[in-house]
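Novice: Using the sequences plus the hints, can you model the full thing?
Number of protein chains: 2
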Amino acid sequence: MKYSKRVVGVKASEIREILKLAARHDIISFAGGLPAPELFPIREMEEVSRTVLEEMGQEALQYSPTEGYEPLRDFIAGRMAKTGVKTDRDEILIISGSQQGLDFAGKIFLDPGDTVLCESPTYLGAVNAFRAYEGNFREVATDNEGMIPEDLEKALKETPDVKFIYVIPDFQNPSGRTWSLDRRKALVELANQYGIPIVEDNPYGELIYEGERLPSIRSLDTKGLVMFLGTFSKTFAPGLRIGWINAPKEILAKCIMVKQSSDVQSSSISQREIAVFVEKYDFEKHVEKIKSTYRKRRDLMMDSMGKYFPDSVEWTHPAGGLFTWVIVPDSIDTKELMERTLEETKVAYVPGASFFPNGGVKNTMRLNFSNMPEDKIVEGIRRLGELLKREIG
Amino acid sequence: MKYSKRVVGVKASEIREILKLAARHDIISFAGGLPAPELFPIREMEEVSRTVLEEMGQEALQYSPTEGYEPLRDFIAGRMAKTGVKTDRDEILIISGSQQGLDFAGKIFLDPGDTVLCESPTYLGAVNAFRAYEGNFREVATDNEGMIPEDLEKALKETPDVKFIYVIPDFQNPSGRTWSLDRRKALVELANQYGIPIVEDNPYGELIYEGERLPSIRSLDTKGLVMFLGTFSKTFAPGLRIGWINAPKEILAKCIMVKQSSDVQSSSISQREIAVFVEKYDFEKHVEKIKSTYRKRRDLMMDSMGKYFPDSVEWTHPAGGLFTWVIVPDSIDTKELMERTLEETKVAYVPGASFFPNGGVKNTMRLNFSNMPEDKIVEGIRRLGELLKREIG
Chain A
29 MKYSKRVVGV KASEIREILK LAARHDIISF AGGLPAPELF PIREMEEVSR TVLEEMGQEA
89 LQYSPTEGYE PLRDFIAGRM AKTGVKTDRD EILIISGSQQ GLDFAGKIFL DPGDTVLCES
149 PTYLGAVNAF RAYEGNFREV ATDNEGMIPE DLEKALKETP DVKFIYVIPD FQNPSGRTWS
209 LDRRKALVEL ANQYGIPIVE DNPYGELIYE GERLPSIRSL DTKGLVMFLG TFSKTFAPGL
269 RIGWINAPKE ILAKCIMVKQ SSDVQSSSIS QREIAVFVEK YDFEKHVEKI KSTYRKRRDL
329 MMDSMGKYFP DSVEWTHPAG GLFTWVIVPD SIDTKELMER TLEETKVAYV PGASFFPNGG
389 VKNTMRLNFS NMPEDKIVEG IRRLGELLKR EIG
Chain B
29 MKYSKRVVGV KASEIREILK LAARHDIISF AGGLPAPELF PIREMEEVSR TVLEEMGQEA
89 LQYSPTEGYE PLRDFIAGRM AKTGVKTDRD EILIISGSQQ GLDFAGKIFL DPGDTVLCES
149 PTYLGAVNAF RAYEGNFREV ATDNEGMIPE DLEKALKETP DVKFIYVIPD FQNPSGRTWS
209 LDRRKALVEL ANQYGIPIVE DNPYGELIYE GERLPSIRSL DTKGLVMFLG TFSKTFAPGL
269 RIGWINAPKE ILAKCIMVKQ SSDVQSSSIS QREIAVFVEK YDFEKHVEKI KSTYRKRRDL
329 MMDSMGKYFP DSVEWTHPAG GLFTWVIVPD SIDTKELMER TLEETKVAYV PGASFFPNGG
389 VKNTMRLNFS NMPEDKIVEG IRRLGELLKR EIG
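Those protein sequences? They're chains A and B, same order as listed. This note's numbering numbers the first residue of the first sequence as 29 and each following residue consecutively. This note's numbering numbers the first residue of the second sequence as 29 and each following residue consecutively.
Treat the hints as calculated values from the structure; they're not laboratory data. Check each hint, because a few of them may be wrong.
As the list claims (entries may be wrong) - No farther apart than 20 Å at their CA atoms in a straight line, the calculated lysine to aspartate or glutamate pairs in the EDC-like style are these:
id: 1; chain 1: B; residue 1: Lys39; chain 2: A; residue 2: Glu217
id: 2; chain 1: B; residue 1: Lys30; chain 2: A; residue 2: Glu217
id: 3; chain 1: A; residue 1: Lys308; chain 2: B; residue 2: Glu74
id: 4; chain 1: B; residue 1: Lys30; chain 2: A; residue 2: Glu342
id: 5; chain 1: A; residue 1: Lys39; chain 2: B; residue 2: Glu95
id: 6; chain 1: A; residue 1: Lys30; chain 2: B; residue 2: Glu45
id: 7; chain 1: A; residue 1: Lys39; chain 2: B; residue 2: Asp118
id: 8; chain 1: B; residue 1: Lys30; chain 2: A; residue 2: Glu181
id: 9; chain 1: B; residue 1: Lys39; chain 2: A; residue 2: Glu95
id: 10; chain 1: A; residue 1: Lys33; chain 2: B; residue 2: Glu278
id: 11; chain 1: B; residue 1: Lys48; chain 2: A; residue 2: Glu87
id: 12; chain 1: A; residue 1: Lys277; chain 2: B; residue 2: Glu45
id: 13; chain 1: A; residue 1: Lys33; chain 2: B; residue 2: Asp189
id: 14; chain 1: B; residue 1: Lys33; chain 2: A; residue 2: Glu162
Specialist: In structure tokens:
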């Protein structure tokens with residue numbers, strides 16, 4: 029039996045194995061990227077679910093248009109204004125979580141051997157999605173303000189077959205960093221100059237804990253080059269699998285076509301449930317509640333790291349999102365350390381190496397602060413700090 | 029901007045445009061393949077939805093394992109016995125409708141230029157899914173019992189880069205035909221001999237109106253070559269987007285990997301809703317209710333065609349499923365006739381040409397009998413018969 033080249037030799041994600049271990053009840057896990065389930069609007073969901081079935085049961089259970097449910101697309105189009113985008117439902121396609129948008133970006137842009145320019149480090153799920161279309165990666169150097177324009181320009185000049193630039197400008201996964209406005213503008217200018225599309229992945233933008241939300245790359249798009257991915261996974265619930273693509277009509281038309289052959293449409297009923305939820309309840313207030321919990325957890329993790337981590341360890345201060353990025357001394361290989369950390373401290377993290385598609389960086393780790401209660405954050409960071417102190421010696 | 033080769037030049041499906049017209053309220057539509065929404069278990073769905081949220085709300089709204097919800101996978105594994113398959117949950121992956129299984133078959137097997145052997149005619153949605161991986165098609169000649177083994181063997185011998193054989197053995201879409209047991213056995217023998225996997229698409233198998241259900245191709249698999257696709261779209265509701273792949277572990281492992289990068293997992297809540305539905309209610313009885321309605325509609329369509337269609341028109345007698353296949357005299361091009369049929373009779377069908385990936389057959393049409401009430405079936409067939417009489421002259 030012969031498989032396609034794209035799946036031959038691809039191994040199951042290392043992270044996945046870590047996450048399986050991390051799910052054990054005795055583990056304090058900073059490894060996943062899960063929202064806090066105690067904030068899910070379960071009672072409201074019961075209410076909207078009943079409303080949908082009573083008021084539009086037949087259509088909620090039937091096939092429905094590939095593009096998605098119009099009232100939900102209208103709501104999303106309006107909500108895009110928060111990122112400075114003026115748009116309407118004709119530029120919105122409902123998808124099954126923003127991961128599907130990454131799959132579609134690969135599907136519509138990549139031929140085998142084409143290159144994606146991405147941040148270094150970047151989101152592992154995107155790397156896997158693009159690898160499924162045999163894409164290669166050129167990592168662009170980053171600092172605390174985003175991709176460094178000089179290196180981006182160098183990459184655009186020197187790399188053959190660049191098909192798109194993939195970025196997570198708000199509260200990046202894994203680094204927790206946010207792009208400055210200047211860097212956003214520089215990115216769009218370079219993309220315009222070279223005629224290269226941008227895939228802007230924005231699952232965390234709503235979860236901002238300090239400062240003002242910056243304009244999205246999509247809002248700065250003047251040439252119809254930006255495809256924006258959004259999701260309800262972090263502001264409502266990931267279990268429903270509802271996200272969206274906001275893109276110029278030409279790009280969106282290609283996405284609609286691949287949506288049809290990929291899975292026809294996203295859930296008719298879940299789309300209506302979210303539409304009724306945002307109509308019946310105060311979505312803004314719901315998001316504020318999530319933000320207030322996560323902000324507290326972030327602060328606690330930051331404070332605890334200051335208290336318990338050795339002086340030679342550095343970390344980012346995320347203004348939003350779910351993650352912080354820890355840089356330990358060069359002498360430590362966080363992947364090698366992982367097994368022992370689990371055994372000795374019962375704490376889990378994700379070794380940073382997974383987020384560099386071309387490898388090479390070994391002394392980083394990603395920590396998630398949204399999914400653990402306050403006491404476990406303090407205790408987990410304390411244990412991790414002690415282990416690091418022993419390692420550094 | 030440069031798109032991938034797979035999406036350049038691909039046009040939106042013609043059928044899609046027809047279906048949009050057919051959705052108008054003044055149209056009697058035999059064009060779609062929709063289940064009858066009046067049979068959706070709306071009240072039961074309200075009940076199970078409440079149960080799921082009350083008893084396992086947090087996990088129903090959270091991320092969950094890619095493979096799917098274990099109790100649902102157990103139920104499906106048990107249900108596979110109806111097609112003669114002994115299996116367990118480790119051979120079941122939950123997917124977002126069986127269309128996603130077609131996408132995955134393309135993704136794990138096809139490199140650009142590879143060939144799929146398929147029935148002639150075959151399901152358009154599969155053709156589009158495989159084309160997205162730049163697959164070619166070699167149509168294998170069929171008769172009322174399935175693929176003709178001599179032509180299948182010829183195809184296997186003569187065609188380079190055959191990656192799999194795609195079949196819909198039960199109540200085929202579009203033809204309504206069912207493969208005989210002998211042909212099923214011959215298919216598996218040839219696949220074994222040439223070491224070529226089989227993708228068995230089985231969305232309609234549960235909807236059997238006469239005779240005994242035949243063993244699935246998967247049940248005859250002796251060499252781990254068969255990937256079976258099933259769905260709850262026809263027996264529960266398509267709006268939830270829940271289907272499954274049942275395959276040998278090696279093939280399933282590849283599917284799980286592409287599931288992760290495609291959309292992570294299918295809906296946590298919908299999987300639990302179906303699992304609770306089959307536990308709380310009598311699934312068998314529910315399917316029997318659907319079958320009894322569709323059987324009546326099929327009989328009525330068959331009777332009406334006998335009464336109103338000209339003698340030179342032929343059609344299949346489906347023992348199950350949703351469709352019958354009509355062959356009109358050579359002189360009629362059903363695609364050309366479509367627009368006029370809509371205008372003059374307000375009846376919609378799907379021109380058969382769409383189901384031949386390599387084109388060439390113009391005098392066929394697919395009629396659906398599941399989605400129209402009885403009086404409209406009689407009236408629609410009467411009008412269509414009159415038009416055909418005028419055309420044939």
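Novice: What are the numbers of the hints the structure violates, in ascending order?
Specialist: Hints 1, 4, 6 are the ones this structure does not satisfy, whereas the remaining hints hold.
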